[in-house]
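Novice: Required output: the full structure, derived from the provided sequences and hints.
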Amino acid sequence: MTTIGFYHPHCAQGGGGERVLWKIIESLATSSLSDGSILDSSNPKCLKQIIIYTCDQMEKEKIFEEVERKFGIELQEGCGVDIDTVVVPGGDALINPISYPRLTMLRQMIGGQKFMSSAFRIAESAGYSFPDIFFDTTGCAWTHSVAKGSFFFGGKTKVFTYTHYPTISTDMLQMVYERRFSYNNSSEITGSKFKNFVKLLYYLLFALLYSFYGRLADVVMANSSWTANHVQKIWRPRGGVNVLWPPCNSKGFSEIDMNANGRENLILSIGQFRPEKDHSLQIKSFARLLKMKPKPPRDARLILLGGCRGEEDEERVEALKKLCKEMNVEKRVEFVLNQPFSVLKDYLARSSIGLHSMWNEHFGIGVVEMLAAGLVTIAHDSGGPKADIISPGETGFLASSEEEYASKMHDVLTSVNNDEIHQLRKAARKSSMQFDDGEFDGRFLKLFLRHTKEFNISS
1 MTTIGFYHPH CAQGGGGERV LWKIIESLAT SSLSDGSILD SSNPKCLKQI IIYTCDQMEK
61 EKIFEEVERK FGIELQEGCG VDIDTVVVPG GDALINPISY PRLTMLRQMI GGQKFMSSAF
121 RIAESAGYSF PDIFFDTTGC AWTHSVAKGS FFFGGKTKVF TYTHYPTIST DMLQMVYERR
181 FSYNNSSEIT GSKFKNFVKL LYYLLFALLY SFYGRLADVV MANSSWTANH VQKIWRPRGG
241 VNVLWPPCNS KGFSEIDMNA NGRENLILSI GQFRPEKDHS LQIKSFARLL KMKPKPPRDA
301 RLILLGGCRG EEDEERVEAL KKLCKEMNVE KRVEFVLNQP FSVLKDYLAR SSIGLHSMWN
361 EHFGIGVVEM LAAGLVTIAH DSGGPKADII SPGETGFLAS SEEEYASKMH DVLTSVNNDE
421 IHQLRKAARK SSMQFDDGEF DGRFLKLFLR HTKEFNISS
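The C-terminal residue of the sequence shown carries number 459 in UniProt numbering, and the numbering is unbroken.
Derived from the structure by calculation, the hints contain no laboratory data. Among the hints, a few may not be true.
[As the list claims (entries may be wrong)] Quick list of in silico lysine-lysine cross-link-like pairs, DSS-like style, CA-CA up to 27 Å: (1) Lys251 <-> Lys114; (2) Lys322 <-> Lys284; (3) Lys345 <-> Lys426; (4) Lys446 <-> Lys23; (5) Lys345 <-> Lys251; (6) Lys284 <-> Lys345.
[To be verified] Derived Cβ-Cβ restraints for the label pairs, each shown as a range: (7) Ser192 <-> Gln272: 25 to 33 Å; (8) Gly262 <-> Leu33: 26 to 34 Å; (9) Asp346 <-> Glu276: 25 to 33 Å; (10) Gly393 <-> Glu255: 23 to 31 Å; (11) Glu255 <-> Leu205: 25 to 33 Å; (12) Gly442 <-> Leu205: 35 to 43 Å; (13) Pro340 <-> Arg102: 32 to 40 Å; (14) Glu311 <-> Gly262: 33 to 41 Å; (15) Ile122 <-> Asp411: 26 to 34 Å; (16) Lys114 <-> Leu205: 48 to 56 Å.
In this text, all values refer to a predicted model and were calculated from it rather than measured experimentally. Ideal Cβ placement from N, Cα and C applies to all residues, glycine included.
Specialist: Put into C-alpha coordinates, the structure is as follows:
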(Lines of atoms letter the chains of each structure in order from A and count residues from 1; the text may use other names and numbers.)
(Lines give C-alpha, C1' and ligand atoms only; values in the text may rest on other atoms or scores of the structure.)
Protein backbone atom coordinates (compact mmCIF):
# COMPACT_ATOMS: atom_id res chain seq x y z
CA MET A 1 0.00 0.00 0.00
CA THR A 2 0.97 3.65 -0.38
CA THR A 3 1.32 6.19 2.43
CA ILE A 4 1.25 9.98 1.98
CA GLY A 5 2.52 12.28 4.74
CA PHE A 6 1.46 15.94 4.89
CA TYR A 7 3.52 18.65 6.61
CA HIS A 8 0.99 21.19 7.90
CA PRO A 9 1.73 22.13 11.54
CA HIS A 10 -1.48 24.14 12.06
CA CYS A 11 -3.90 21.93 10.15
CA ALA A 12 -6.85 22.86 12.41
CA GLN A 13 -6.78 26.57 11.57
CA GLY A 14 -9.32 28.07 9.18
CA GLY A 15 -7.22 29.93 6.62
CA GLY A 16 -6.77 29.53 2.89
CA GLY A 17 -3.76 27.27 3.38
CA GLU A 18 -5.81 24.85 5.46
CA ARG A 19 -8.58 24.90 2.85
CA VAL A 20 -6.02 23.76 0.25
CA LEU A 21 -4.75 21.00 2.56
CA TRP A 22 -8.17 19.54 3.29
CA LYS A 23 -9.41 19.83 -0.31
CA ILE A 24 -6.33 17.86 -1.41
CA ILE A 25 -6.95 15.23 1.27
CA GLU A 26 -10.65 15.06 0.36
CA SER A 27 -9.77 14.57 -3.32
CA LEU A 28 -7.31 11.78 -2.52
CA ALA A 29 -9.48 10.01 0.05
CA THR A 30 -12.79 10.07 -1.82
CA SER A 31 -11.75 9.55 -5.45
CA SER A 32 -12.54 6.02 -6.62
CA LEU A 33 -10.91 5.24 -9.96
CA SER A 34 -10.48 2.07 -12.01
CA ASP A 35 -7.47 3.03 -14.08
CA GLY A 36 -4.73 1.11 -12.28
CA SER A 37 -3.54 4.30 -10.59
CA ILE A 38 -2.68 4.93 -6.97
CA LEU A 39 -6.38 5.77 -6.40
CA ASP A 40 -7.62 2.46 -7.83
CA SER A 41 -8.57 0.23 -4.87
CA SER A 42 -7.83 -2.92 -6.91
CA ASN A 43 -4.19 -1.86 -7.22
CA PRO A 44 -1.99 -3.54 -4.54
CA LYS A 45 -0.11 -0.23 -4.21
CA CYS A 46 -3.22 1.92 -3.86
CA LEU A 47 -3.36 4.76 -1.34
CA LYS A 48 -4.31 3.39 2.08
CA GLN A 49 -2.92 5.83 4.60
CA ILE A 50 -2.69 9.62 4.98
CA ILE A 51 -0.71 11.09 7.87
CA ILE A 52 -0.73 14.78 8.85
CA TYR A 53 2.27 15.99 10.86
CA THR A 54 0.94 18.73 13.13
CA CYS A 55 1.42 20.56 16.41
CA ASP A 56 -2.32 21.21 16.96
CA GLN A 57 -3.22 19.49 20.23
CA MET A 58 -6.65 18.24 19.13
CA GLU A 59 -8.19 14.81 18.71
CA LYS A 60 -8.49 13.69 15.10
CA GLU A 61 -12.30 13.56 15.33
CA LYS A 62 -12.42 17.13 16.66
CA ILE A 63 -10.21 18.34 13.80
CA PHE A 64 -12.56 16.67 11.30
CA GLU A 65 -15.53 18.45 12.94
CA GLU A 66 -13.74 21.80 12.61
CA VAL A 67 -12.89 21.10 8.97
CA GLU A 68 -16.54 20.37 8.20
CA ARG A 69 -17.72 23.46 10.11
CA LYS A 70 -15.23 25.85 8.51
CA PHE A 71 -14.96 24.48 4.98
CA GLY A 72 -17.94 22.17 4.48
CA ILE A 73 -15.51 19.29 3.82
CA GLU A 74 -16.75 16.01 5.29
CA LEU A 75 -14.15 13.29 5.89
CA GLN A 76 -15.95 10.11 6.82
CA GLU A 77 -14.54 6.92 8.25
CA GLY A 78 -14.82 3.94 5.92
CA CYS A 79 -13.80 5.75 2.75
CA GLY A 80 -11.03 3.20 2.25
CA VAL A 81 -8.20 5.53 3.30
CA ASP A 82 -7.05 5.90 6.92
CA ILE A 83 -6.45 9.55 7.85
CA ASP A 84 -4.40 10.08 11.02
CA THR A 85 -2.49 12.86 12.73
CA VAL A 86 0.95 12.73 14.31
CA VAL A 87 1.27 15.46 16.93
CA VAL A 88 4.69 16.96 17.74
CA PRO A 89 4.68 18.16 21.39
CA GLY A 90 6.12 21.66 21.62
CA GLY A 91 6.21 21.84 17.84
CA ASP A 92 4.70 25.32 17.68
CA ALA A 93 7.67 26.83 19.53
CA LEU A 94 10.02 25.31 16.93
CA ILE A 95 8.36 27.04 13.96
CA ASN A 96 6.77 30.16 15.48
CA PRO A 97 8.56 33.38 14.43
CA ILE A 98 7.87 34.83 17.88
CA SER A 99 10.40 32.31 19.23
CA TYR A 100 13.14 33.94 17.16
CA PRO A 101 13.34 37.75 17.47
CA ARG A 102 16.69 37.75 15.60
CA LEU A 103 17.67 35.83 12.45
CA THR A 104 14.03 34.79 12.33
CA MET A 105 13.90 33.08 8.92
CA LEU A 106 17.12 31.11 9.40
CA ARG A 107 16.18 29.89 12.88
CA GLN A 108 12.65 29.03 11.72
CA MET A 109 14.26 26.95 8.99
CA ILE A 110 16.29 24.99 11.53
CA GLY A 111 13.22 24.71 13.77
CA GLY A 112 11.18 23.30 10.89
CA GLN A 113 13.80 20.63 10.25
CA LYS A 114 13.79 19.69 13.95
CA PHE A 115 9.99 19.54 13.80
CA MET A 116 10.01 17.07 10.92
CA SER A 117 12.76 14.92 12.44
CA SER A 118 10.69 14.65 15.63
CA ALA A 119 7.52 13.96 13.64
CA PHE A 120 9.10 11.06 11.75
CA ARG A 121 10.48 9.56 14.99
CA ILE A 122 7.09 9.83 16.72
CA ALA A 123 5.32 8.34 13.70
CA GLU A 124 7.76 5.42 13.57
CA SER A 125 7.33 4.66 17.27
CA ALA A 126 3.54 4.68 16.75
CA GLY A 127 3.86 2.09 13.99
CA TYR A 128 3.28 4.31 10.96
CA SER A 129 5.13 3.67 7.72
CA PHE A 130 7.58 6.22 6.39
CA PRO A 131 5.67 8.07 3.63
CA ASP A 132 6.08 7.07 0.00
CA ILE A 133 5.09 10.65 -0.81
CA PHE A 134 5.93 13.60 1.44
CA PHE A 135 3.60 16.53 0.73
CA ASP A 136 4.53 19.98 2.06
CA THR A 137 1.42 22.18 1.82
CA THR A 138 2.97 25.23 3.50
CA GLY A 139 5.92 26.04 1.23
CA CYS A 140 8.53 25.32 3.93
CA ALA A 141 11.21 24.02 1.59
CA TRP A 142 13.65 23.10 4.35
CA THR A 143 11.43 20.17 5.38
CA HIS A 144 12.22 18.51 2.04
CA SER A 145 15.74 17.68 3.18
CA VAL A 146 14.45 15.69 6.16
CA ALA A 147 12.09 13.67 3.95
CA LYS A 148 14.77 13.13 1.32
CA GLY A 149 17.20 12.08 4.04
CA SER A 150 15.28 8.82 4.18
CA PHE A 151 16.92 7.93 0.85
CA PHE A 152 20.20 7.26 2.64
CA PHE A 153 18.41 4.70 4.83
CA GLY A 154 16.85 2.84 1.91
CA GLY A 155 13.78 5.03 1.37
CA LYS A 156 12.66 6.43 -1.96
CA THR A 157 10.32 9.16 -0.82
CA LYS A 158 9.04 11.59 -3.45
CA VAL A 159 8.48 15.18 -2.37
CA PHE A 160 5.46 17.18 -3.54
CA THR A 161 5.11 20.81 -2.46
CA TYR A 162 2.42 23.49 -2.69
CA THR A 163 3.73 27.02 -2.10
CA HIS A 164 1.35 29.81 -1.13
CA TYR A 165 4.01 32.49 -0.74
CA PRO A 166 7.78 32.32 -1.26
CA THR A 167 9.61 32.70 2.05
CA ILE A 168 12.03 34.99 0.26
CA SER A 169 11.64 36.49 -3.20
CA THR A 170 13.58 38.59 -5.68
CA ASP A 171 11.24 41.48 -4.73
CA MET A 172 12.39 41.23 -1.10
CA LEU A 173 16.04 41.18 -2.14
CA GLN A 174 15.46 44.20 -4.38
CA MET A 175 13.71 46.09 -1.59
CA VAL A 176 16.64 45.61 0.81
CA TYR A 177 19.17 46.41 -1.93
CA GLU A 178 17.37 49.70 -2.65
CA ARG A 179 16.98 50.44 1.09
CA ARG A 180 13.21 50.87 0.78
CA PHE A 181 11.16 51.16 3.98
CA SER A 182 8.46 48.53 4.53
CA TYR A 183 6.58 46.85 7.39
CA ASN A 184 9.31 44.15 7.36
CA ASN A 185 12.23 46.48 6.55
CA SER A 186 12.38 49.09 9.32
CA SER A 187 13.84 52.58 9.16
CA GLU A 188 16.51 51.42 11.63
CA ILE A 189 17.85 49.16 8.85
CA THR A 190 17.24 51.39 5.83
CA GLY A 191 18.81 54.37 7.62
CA SER A 192 22.16 52.62 8.10
CA LYS A 193 24.36 51.56 5.18
CA PHE A 194 26.18 49.02 7.34
CA LYS A 195 23.04 47.41 8.80
CA ASN A 196 21.42 47.36 5.38
CA PHE A 197 24.51 45.65 3.91
CA VAL A 198 24.50 43.01 6.67
CA LYS A 199 20.78 42.35 6.11
CA LEU A 200 21.35 42.02 2.36
CA LEU A 201 24.09 39.42 2.95
CA TYR A 202 21.79 37.55 5.34
CA TYR A 203 18.97 37.55 2.77
CA LEU A 204 21.31 36.32 0.03
CA LEU A 205 22.57 33.48 2.25
CA PHE A 206 19.02 32.51 3.12
CA ALA A 207 17.98 32.64 -0.55
CA LEU A 208 20.80 30.21 -1.43
CA LEU A 209 19.67 27.76 1.28
CA TYR A 210 16.03 28.19 0.24
CA SER A 211 16.99 27.44 -3.35
CA PHE A 212 18.96 24.32 -2.37
CA TYR A 213 16.12 22.87 -0.31
CA GLY A 214 13.47 23.84 -2.86
CA ARG A 215 15.28 21.97 -5.62
CA LEU A 216 14.92 18.74 -3.63
CA ALA A 217 11.20 18.68 -4.45
CA ASP A 218 10.11 16.32 -7.22
CA VAL A 219 6.83 18.11 -7.96
CA VAL A 220 6.41 21.84 -7.33
CA MET A 221 3.01 23.55 -7.25
CA ALA A 222 2.21 27.21 -6.60
CA ASN A 223 -1.06 29.03 -6.00
CA SER A 224 -0.66 31.73 -8.67
CA SER A 225 1.40 32.80 -11.66
CA TRP A 226 3.03 35.44 -9.45
CA THR A 227 4.12 32.88 -6.84
CA ALA A 228 5.22 30.43 -9.55
CA ASN A 229 7.39 33.09 -11.19
CA HIS A 230 9.20 33.88 -7.94
CA VAL A 231 9.61 30.23 -6.95
CA GLN A 232 11.02 29.52 -10.42
CA LYS A 233 13.56 32.34 -10.04
CA ILE A 234 14.73 31.25 -6.58
CA TRP A 235 14.45 27.44 -6.74
CA ARG A 236 14.90 26.77 -10.47
CA PRO A 237 13.28 23.32 -10.02
CA ARG A 238 14.07 20.66 -12.60
CA GLY A 239 10.44 20.01 -13.51
CA GLY A 240 9.32 23.63 -13.47
CA VAL A 241 6.46 25.03 -11.39
CA ASN A 242 2.83 23.99 -11.85
CA VAL A 243 0.26 26.73 -11.21
CA LEU A 244 -2.69 25.33 -9.25
CA TRP A 245 -5.09 28.06 -8.12
CA PRO A 246 -6.43 27.50 -4.59
CA PRO A 247 -10.04 26.32 -4.17
CA CYS A 248 -12.61 29.09 -3.76
CA ASN A 249 -16.31 28.78 -3.00
CA SER A 250 -17.24 30.72 -6.14
CA LYS A 251 -20.50 28.86 -6.74
CA GLY A 252 -21.61 29.48 -3.17
CA PHE A 253 -20.99 33.23 -3.40
CA SER A 254 -22.56 33.40 -6.86
CA GLU A 255 -25.92 32.60 -5.26
CA ILE A 256 -25.97 36.18 -3.93
CA ASP A 257 -28.42 38.36 -5.88
CA MET A 258 -26.51 40.59 -8.29
CA ASN A 259 -29.35 43.11 -8.65
CA ALA A 260 -27.84 46.58 -8.18
CA ASN A 261 -31.15 47.92 -6.84
CA GLY A 262 -30.74 45.83 -3.72
CA ARG A 263 -27.24 47.14 -3.01
CA GLU A 264 -26.10 50.09 -0.94
CA ASN A 265 -23.25 52.50 -1.59
CA LEU A 266 -20.94 50.42 0.57
CA ILE A 267 -17.26 49.89 -0.21
CA LEU A 268 -16.24 46.56 1.33
CA SER A 269 -12.74 45.46 2.32
CA ILE A 270 -12.21 41.84 3.45
CA GLY A 271 -9.05 40.73 5.24
CA GLN A 272 -7.32 40.20 8.56
CA PHE A 273 -5.92 43.32 10.20
CA ARG A 274 -2.30 42.55 9.38
CA PRO A 275 0.21 45.26 8.38
CA GLU A 276 0.68 43.94 4.83
CA LYS A 277 -3.06 44.38 4.09
CA ASP A 278 -2.43 48.16 4.10
CA HIS A 279 -5.82 49.29 5.44
CA SER A 280 -4.38 52.78 5.88
CA LEU A 281 -4.16 53.12 2.08
CA GLN A 282 -7.87 52.27 1.87
CA ILE A 283 -8.79 54.89 4.48
CA LYS A 284 -6.69 57.60 2.82
CA SER A 285 -8.13 56.73 -0.60
CA PHE A 286 -11.67 56.88 0.79
CA ALA A 287 -10.97 60.29 2.37
CA ARG A 288 -9.71 61.54 -1.00
CA LEU A 289 -12.84 60.13 -2.70
CA LEU A 290 -15.13 62.17 -0.44
CA LYS A 291 -13.44 65.40 -1.58
CA MET A 292 -13.83 64.70 -5.31
CA LYS A 293 -16.25 66.44 -7.70
CA PRO A 294 -18.97 65.63 -8.45
CA LYS A 295 -19.61 64.59 -4.87
CA PRO A 296 -20.05 60.84 -4.33
CA PRO A 297 -23.34 59.69 -2.74
CA ARG A 298 -23.85 61.00 0.79
CA ASP A 299 -24.49 57.50 2.10
CA ALA A 300 -21.19 56.08 0.76
CA ARG A 301 -19.36 54.23 3.53
CA LEU A 302 -16.19 52.17 3.86
CA ILE A 303 -16.60 48.80 5.62
CA LEU A 304 -13.41 47.18 6.95
CA LEU A 305 -14.35 43.57 7.70
CA GLY A 306 -11.84 41.11 9.08
CA GLY A 307 -10.38 39.18 11.96
CA CYS A 308 -8.04 40.19 14.78
CA ARG A 309 -5.59 37.45 15.74
CA GLY A 310 -4.50 39.00 19.01
CA GLU A 311 -3.29 42.09 20.85
CA GLU A 312 -1.07 43.35 18.02
CA ASP A 313 -3.95 43.30 15.54
CA GLU A 314 -6.23 45.03 18.06
CA GLU A 315 -3.65 47.79 18.52
CA ARG A 316 -3.48 48.10 14.73
CA VAL A 317 -7.25 48.57 14.57
CA GLU A 318 -7.05 51.33 17.18
CA ALA A 319 -4.35 53.05 15.12
CA LEU A 320 -6.58 52.82 12.04
CA LYS A 321 -9.49 54.34 13.97
CA LYS A 322 -7.19 57.18 15.00
CA LEU A 323 -6.25 57.67 11.34
CA CYS A 324 -9.96 57.89 10.46
CA LYS A 325 -10.36 60.73 12.96
CA GLU A 326 -7.31 62.51 11.57
CA MET A 327 -8.76 62.21 8.04
CA ASN A 328 -12.19 63.33 9.34
CA VAL A 329 -13.94 60.19 8.03
CA GLU A 330 -14.61 58.35 11.30
CA LYS A 331 -18.40 58.63 10.86
CA ARG A 332 -18.24 57.00 7.44
CA VAL A 333 -15.85 54.13 8.16
CA GLU A 334 -17.13 51.03 9.94
CA PHE A 335 -14.98 48.31 11.51
CA VAL A 336 -16.58 44.85 11.52
CA LEU A 337 -14.39 42.52 13.59
CA ASN A 338 -14.33 38.76 14.14
CA GLN A 339 -17.79 38.09 12.75
CA PRO A 340 -19.21 34.75 11.52
CA PHE A 341 -19.52 33.74 7.87
CA SER A 342 -23.18 34.84 7.75
CA VAL A 343 -22.17 38.47 8.38
CA LEU A 344 -19.60 38.32 5.57
CA LYS A 345 -22.26 37.05 3.14
CA ASP A 346 -24.66 39.78 4.25
CA TYR A 347 -22.12 42.54 3.52
CA LEU A 348 -21.21 40.94 0.19
CA ALA A 349 -24.91 41.04 -0.75
CA ARG A 350 -25.33 44.69 0.29
CA SER A 351 -22.08 46.25 -0.97
CA SER A 352 -21.43 47.78 -4.39
CA ILE A 353 -17.63 47.94 -4.45
CA GLY A 354 -14.96 45.51 -3.25
CA LEU A 355 -11.60 46.91 -2.15
CA HIS A 356 -8.21 45.15 -1.91
CA SER A 357 -4.91 46.95 -1.27
CA MET A 358 -2.20 44.42 -0.36
CA TRP A 359 1.00 44.80 -2.38
CA ASN A 360 2.06 41.50 -3.98
CA GLU A 361 -0.79 39.43 -2.55
CA HIS A 362 0.22 35.88 -3.46
CA PHE A 363 -3.24 35.03 -4.79
CA GLY A 364 -6.30 36.78 -3.38
CA ILE A 365 -9.16 34.47 -2.34
CA GLY A 366 -11.02 37.49 -0.95
CA VAL A 367 -10.82 39.15 -4.37
CA VAL A 368 -12.36 36.06 -6.01
CA GLU A 369 -15.15 36.01 -3.40
CA MET A 370 -16.00 39.63 -4.18
CA LEU A 371 -16.06 38.94 -7.93
CA ALA A 372 -18.35 35.93 -7.41
CA ALA A 373 -20.69 37.97 -5.20
CA GLY A 374 -21.09 40.57 -7.97
CA LEU A 375 -19.11 43.47 -6.49
CA VAL A 376 -17.21 45.88 -8.70
CA THR A 377 -13.77 45.01 -7.38
CA ILE A 378 -10.73 47.30 -7.23
CA ALA A 379 -7.59 45.32 -6.37
CA HIS A 380 -3.92 46.19 -5.99
CA ASP A 381 -2.01 46.34 -9.26
CA SER A 382 0.43 43.57 -8.29
CA GLY A 383 0.75 39.92 -7.31
CA GLY A 384 -1.97 37.35 -7.89
CA PRO A 385 -4.86 39.78 -8.52
CA LYS A 386 -2.93 41.35 -11.40
CA ALA A 387 -1.45 38.11 -12.78
CA ASP A 388 -4.46 35.78 -12.58
CA ILE A 389 -7.69 37.30 -11.30
CA ILE A 390 -8.57 40.79 -12.61
CA SER A 391 -8.86 41.78 -16.28
CA PRO A 392 -8.86 45.61 -16.00
CA GLY A 393 -12.05 47.17 -17.29
CA GLU A 394 -13.60 43.76 -18.00
CA THR A 395 -13.91 42.00 -14.64
CA GLY A 396 -12.74 44.75 -12.28
CA PHE A 397 -10.06 47.40 -11.85
CA LEU A 398 -6.46 47.67 -10.62
CA ALA A 399 -4.90 50.52 -8.64
CA SER A 400 -1.81 51.19 -6.54
CA SER A 401 -2.00 54.78 -5.23
CA GLU A 402 -4.50 56.87 -3.26
CA GLU A 403 -5.30 58.82 -6.41
CA GLU A 404 -5.96 55.69 -8.48
CA TYR A 405 -8.15 54.01 -5.86
CA ALA A 406 -10.17 57.19 -5.26
CA SER A 407 -10.62 57.74 -9.01
CA LYS A 408 -11.86 54.17 -9.63
CA MET A 409 -14.27 54.31 -6.68
CA HIS A 410 -15.55 57.69 -7.87
CA ASP A 411 -16.13 56.38 -11.40
CA VAL A 412 -18.25 53.49 -10.09
CA LEU A 413 -20.26 55.46 -7.52
CA THR A 414 -21.07 58.34 -9.88
CA SER A 415 -21.57 56.29 -13.05
CA VAL A 416 -24.82 56.88 -14.95
CA ASN A 417 -24.21 53.89 -17.21
CA ASN A 418 -25.84 51.20 -15.08
CA ASP A 419 -25.85 48.71 -17.96
CA GLU A 420 -22.07 48.92 -18.31
CA ILE A 421 -21.60 48.33 -14.58
CA HIS A 422 -24.04 45.40 -14.68
CA GLN A 423 -22.15 43.80 -17.57
CA LEU A 424 -18.89 44.14 -15.62
CA ARG A 425 -20.50 42.45 -12.60
CA LYS A 426 -21.72 39.57 -14.79
CA ALA A 427 -18.29 39.13 -16.40
CA ALA A 428 -16.63 39.18 -12.97
CA ARG A 429 -18.93 36.47 -11.64
CA LYS A 430 -18.38 34.30 -14.72
CA SER A 431 -14.60 34.74 -14.45
CA SER A 432 -14.64 33.70 -10.77
CA MET A 433 -15.95 30.24 -11.68
CA GLN A 434 -12.53 29.15 -12.97
CA PHE A 435 -11.36 29.24 -9.33
CA ASP A 436 -14.23 27.14 -7.93
CA ASP A 437 -13.70 24.08 -5.71
CA GLY A 438 -14.68 21.66 -8.46
CA GLU A 439 -12.12 23.10 -10.86
CA PHE A 440 -9.42 22.70 -8.20
CA ASP A 441 -10.29 19.03 -7.63
CA GLY A 442 -10.03 18.17 -11.31
CA ARG A 443 -6.77 20.03 -11.91
CA PHE A 444 -5.11 18.64 -8.79
CA LEU A 445 -6.00 15.01 -9.50
CA LYS A 446 -4.84 15.27 -13.11
CA LEU A 447 -1.49 16.68 -11.98
CA PHE A 448 -1.08 14.25 -9.09
CA LEU A 449 -1.89 11.12 -11.10
CA ARG A 450 0.38 12.13 -13.96
CA HIS A 451 3.38 12.42 -11.66
CA THR A 452 2.70 9.31 -9.57
CA LYS A 453 2.61 7.29 -12.80
CA GLU A 454 5.88 8.89 -13.93
CA PHE A 455 7.48 7.87 -10.62
CA ASN A 456 6.04 4.32 -10.86
CA ILE A 457 4.52 4.75 -7.41
CA SER A 458 1.32 3.02 -8.49
CA SER A 459 2.88 0.06 -10.25
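Novice: May I ask which of the numbered hints given earlier this structure violates, with the numbers listed in increasing order?
Specialist: Per hint list: 1, 8, 11, 15, 16 violated.
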